[in-house]
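Enquirer: Listed here are the chains, written in short residue letters.
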Amino acid sequence: DAEITQSPRHKITETGRQVTLACHQTWNHNNMFWYRQDLGHGLRLIHYSYGVHDTNKGEVSDGYSVSRSNTEDLPLTLESAASSQTSVYFCASSPDWAQETQYFGPGTRLLVL
Amino acid sequence: GNSVTQMEGPVTLSEEAFLTINCTYTATGYPSLFWYVQYPGEGLQLLLKATKADDKGSNKGFEATYRKETTSFHLEKGSVQVSDSAVYFCALSSNTGNQFYFGTGTSLTVIP
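Same order as they appear, the protein sequences are chains L and H. Residue numbering for the first sequence follows this note's numbering, starting at 1 and increasing by one per position. Residue numbering for the second sequence follows this note's numbering, starting at 114 and increasing by one per position.
If you are wondering where the hints come from, they were derived from the structure by calculation, not from laboratory data. By construction, the Cβ of each residue, glycine as well, lies at the ideal position given by its N, Cα and C atoms. Zero decoy hints are in this set.
Calculated from the model, a selection of chain H residues having no Cβ within reach of chain L, i.e. all distances over 12 Å:
| hint | residue |
| --- | --- |
| 1 | Thr125 |
| 2 | Phe131 |
| 3 | Thr133 |
| 4 | Lys181 |
Across the chosen pairs, the derived CB separations fall in these ranges:
| hint | chain 1 | residue 1 | chain 2 | residue 2 | range |
| --- | --- | --- | --- | --- | --- |
| 5 | H | Lys173 | L | Glu3 | 15 to 23 Å |
| 6 | L | Ala82 | H | Asp167 | 40 to 48 Å |
| 7 | H | Asn208 | L | Val52 | 21 to 29 Å |
Please model the complete structure; the sequences and the hints are all you need to start from.
Expert: The structure is reproduced here in structure tokens:
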């Protein structure tokens, strides 16, 4: 069955370190998204991509970057982790056409000490 | 701009009670509307959706009707179960792009 996976599921790191969170989908979806989930804020969009080599900033992109070298993967990098980036991160993907359902991964819980 | 406002939680209900979670939206164009559910420790799963005015989405006993005149998409269930305990998110997707806009989520706990 097609799916979307995230790794690691849990990560503890120190302030200032670079961290990369992986997202892999097997649906062959062109659209991929990264969100963070924090109490009181719901889900906030970090970055998104509409296809290979396409990346766009979302609502809360400062301190994060993404790259899209193939259809299946959209890794999220925290250039220099900060305590404010402690959160749960979700990756999602959707087909090409507008307004189609987004499918979510299981999430990565990140703690920055 | 696009935004979603949903009912603050947490909500606690007894088993077999009636559930309503309110959701209103602001959108440009003609959005599609969604309800997602998040069980503890998991990602979001699509619960139901509606793509045009007066459409009713339904799944697992949950229903929501797309009301353009009141810009609302309230989630209802006639008789909740303990297994419905989760966080529920209302969301919209504008027809001018592929981005989603989520509400802040409503936590539901159903007690036996």
